[in-house]
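Undergrad: Take a look at the letters that make up each chain.
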Amino acid sequence: MSISFRSGRVRLASVLASSTVALSLLAGCAGGGGTTAAAPSTEPEPTGPVTITFWGWAKGTADVVKAFNDTHTDVKVTFEQIPSGIQGGYTKIANAAKAGNAPDLFNVEYASLPDFVTQGHVADVSSLVSDDLKKKYLPQATELTTLGGKTWALPLDAAPQVFFYRKDIFDKAGVTAPTTWDEYRTAAQKLKAADPNTRIGTFFPDDASPLAAMAWQSGAKWFSTQGDAWKVDINGGDSKNVVDFWQGLVADDLIRLQPSFSQQWTASLQKGETAAYTGAAWGGGVLKGLVPDQGGKWAIAPIPTWDGKPASGMLGGSTFAVSKNSKHAKAALKFAEWATTTPEGIQARIASGASSMFPASPALVPTAKAAFKVDFYGGQDIYSVFIEAGKSIKGNWTWGPAMGTTNTALADGFGKLATGGTLNSAVESAQKATTAELANRGIKVAQ
Amino acid sequence: MTTVATRPDTARAAAPRRRGRPPGHSGAAGVLLAPFMVLFTACTLIPIGYAVHLSLYSERHSGLGFGVAETVFTGFGNYSRALADPAFVSGFANVAKYCALYIPVMIGISLLLALLLDSALAKARHFFQLALFLPHAVPGIIAALIWVYLYAPGISPVLDAMDSMGFQIDILGHPLPAVVNMAAWQWIGYNMVIFYAALQAIPREILEAAEVDGASPLRTALSIKIPLIRASLLTVVMFTVIGALQLFTEPMILQGSAPSVDSSWTPNMYVFTAAFQRNDNGLAAAGSVLLALVAAGLSFAVTRFGRSRAARAEGGMS
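Listed in order, the protein sequences are those of chains E and C. Using the working numbering, read the first sequence as starting at 12 and increasing by one per residue. Using the working numbering, read the second sequence as starting at 1249 and increasing by one per residue.
In short, the hints are calculated from the structure, not lab data. This structure is a prediction, so every number in the text was calculated from the model and none was measured. Check before you lean on any hint, since a few could be wrong.
Facing chain C, from chain E, some residues (calculated, C-beta under 7 Å) [said to hold, decoys possible]:
{"no.": "1", "residue": "T102"}
{"no.": "2", "residue": "T129"}
{"no.": "3", "residue": "L158"}
{"no.": "4", "residue": "G159"}
{"no.": "5", "residue": "Q275"}
{"no.": "6", "residue": "A278"}
{"no.": "7", "residue": "S279"}
{"no.": "8", "residue": "G283"}
{"no.": "9", "residue": "T416"}
{"no.": "10", "residue": "I454"}
{"no.": "11", "residue": "K455"}
{"no.": "12", "residue": "A457"}
Glycine is no exception: its CB is placed at the ideal position from the N, C-alpha and C atoms.
Excised from the complex, chain E in its bound form:
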């Protein structure tokens, strides 16, 4: 979070100055919300090399940019590494867009794309993205980058859910990787019985996306459109099953409550007190970076399901979006297309060693598989797990246009879990906050 806005506690300021600090810090950052539409299709054909700016945080991106710049003369990419979206990256992009100095191209996760589109920060690239190009991506990924019948971004990765677990700890407790959520609960009990300090996993109270992915997997649809109105169903029946299940695990102290990727969580992984992680394909590289000395001890299995049949939601997953006022939409898309659909682009990312993402373009999965070193997973063929998981991603999921509000309401509700709050009240308040926010923005909500 951008700490730099902080004014400092004004000790010796005058009464007037002290009362205005809050105002000036806001106004300084708010910027004009002017939405001047620049039509990307009318740009003149560039002569000579075009330099585009690009902001992103996905692992291995710097290597991709370098590989592109080394092999291309017509487009040069200037890359800036920014914090991940939820950790302040989105704030940075949105502020830059409001101030009129957004990069030409930026990474945005599927879940946040509608938010960025409704704020008017993303260029409509429908006329620049051919049907042939769209066909190169998984249909589920294309679906998520198409909003209101227009194309807004190119998908980088699909993020099928998978289950990471410490094989050695599971073996010691006599547990195998669970295939259903019931087995997950039993495994949690056995692991805890074998060592009272061991938990099977973590509920991240600061992050709403895992619950969304679980709801997606169970067949819920938090958002859908009916004509020109949104239907919001965060507290529906399928979501309730998921909520009750995780609530039970929390109540029985079978999983830990720790913020995502926090010092506490990392420490519990390092000590072997957290024996598994319900994540997504990209987690393979992240986990390897967090606990590099546990090489060979981890394995990856399909995510448990409700009925034992493969099913997955998407946890994260990034896209490349062109900013509204970019004068180089074509050049920016050229790089985005190269980075997402060519073997060279994927190879550069995976070979960095830090990324285990699952390309949204199925043709490139073999490239990714060949490039990722699996010694951390004891030589396991993890991409085969990803491929099966990718096939089982449920279609027809849509992210809402005010995910900032939805996620904030959910995380605020999760924060009360440690002091007697429930997941159920969290989804109820998220439902309420989201519908209220949509109505407030003048967006239609179907009842």
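For chain E, the structure is supplied; the task is to place chain C on it using the hints.
TA: Using the frame of chain E, we list chain C on its own:
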């Protein structure tokens, strides 16, 4: 014609007023004030005006919301939304609770330390003054990061040591004392210096008189010293309350490790969330204006209260 006729009149009318002042005085004041006025206008007045302007508008979409938004005038709509939002109001309640816990602890300890330094008992005064002031020299963000590290179970050496002795405390589950502790650590030394300076300014003959009358050091502190530095005490309380209203850094950093700190734990965090998570600049601006009004009102009340008390105290002395 008329303009020519009026000009000398104005000049004549202005002349007598200037006569009372030393020559060139107003010009010097203007020059000296100009840099302040320019900065004050650019950095304070214009942003306030802009925030007030923002607070009166909202973005409106239509249909699914993917089209271009229009900015519409909503009058006090954003203000009523903020005031009707329990999250905004609960932020003020948290600040009140924070003040109730923090002010007695912080004032009590810094006053005690100042009195000890001031008393004849203290050795190596300069060393303690510097040592106690040092925490204030650490930037708030860095201090908060270090404290969060010390609070986090599984990482904190302090908690580990306590754990091995059989004490288990969940600091992150109790954000209020956690934030109070961070703030107290940072501000005790600073306020102690203010109190110490005020104590040093007490005329020595009064203290000698107390000694001659047989007052114990404790009695001297309670009945002579503390009443005589009341003005400093009030000033510190006022700045602390205003600082508390703007509480942001510590809870924001703490939030990363303590999810019980929600997105609107203090009014400033509510404004931040509205602006940067929910992208609702109108609501954020309205929240800031309300926060500024509360701070201004509170400062006014404390200043008036303090001035009348100080005047009465001075009257009593002479």
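Undergrad: Let me know if the C-beta of K455 of chain E comes in closer than 7 Å to any C-beta of chain C, holds or violated.
TA: holds, 6 Å
Undergrad: Are Q275 of chain E and chain C close enough, Cβ to Cβ, to be under 7 Å, as the hint says?
TA: holds, 5 Å
Undergrad: Classify the hint on L158 of chain E as holds or violated, based on whether any CB of chain C lies nearer than 7 Å to its CB.
TA: holds, 5 Å
Undergrad: Hint validation: A457 of chain E versus chain C, beta carbon distance must be below 7 Å. Holds or violated?
TA: violated, 11 Å
Undergrad: How about T416 of chain E: closest beta carbon in chain C under 7 Å, or not?
TA: Constraint on T416 of chain E satisfied, holds at 5 Å.
Undergrad: Should the interface hint for S279 of chain E be scored as holding, given a Cβ-Cβ cut-off of 7 Å against chain C?
TA: The hint holds - S279 of chain E has a Cβ within 7 Å of chain C, the shortest such distance being about 6 Å.
Undergrad: So, as I understand it, the hint says T129 of chain E touches chain C; can you test that by seeing if any CB pair is closer than 7 Å?
TA: Check passed: Cβ of T129 of chain E comes within 4 Å of chain C, closer than 7 Å.
Undergrad: Let's test the interface hint: is any C-beta of chain C closer than 7 Å to that of I454 of chain E?
TA: holds, 4 Å
Undergrad: Under 7 Å, Cβ to Cβ, is where T102 of chain E needs to be relative to chain C, so tell me if that hint holds or is violated.
TA: holds, 4 Å
Undergrad: Per the CB criterion, is G283 of chain E less than 7 Å away from chain C?
TA: violated, 12 Å
Undergrad: Hold the hint about A278 of chain E up to the distance rule: shortest CB distance to chain C must be less than 7 Å.
TA: holds, 4 Å
Undergrad: Once the shortest beta carbon distance from G159 of chain E to chain C is found, is it less than 7 Å?
TA: It holds, given that the least Cβ distance between G159 of chain E and chain C is near 4 Å, below 7 Å.
In this structure, the earlier hints numbered 8 and 12 are contradicted, and the remaining ones agree with it.
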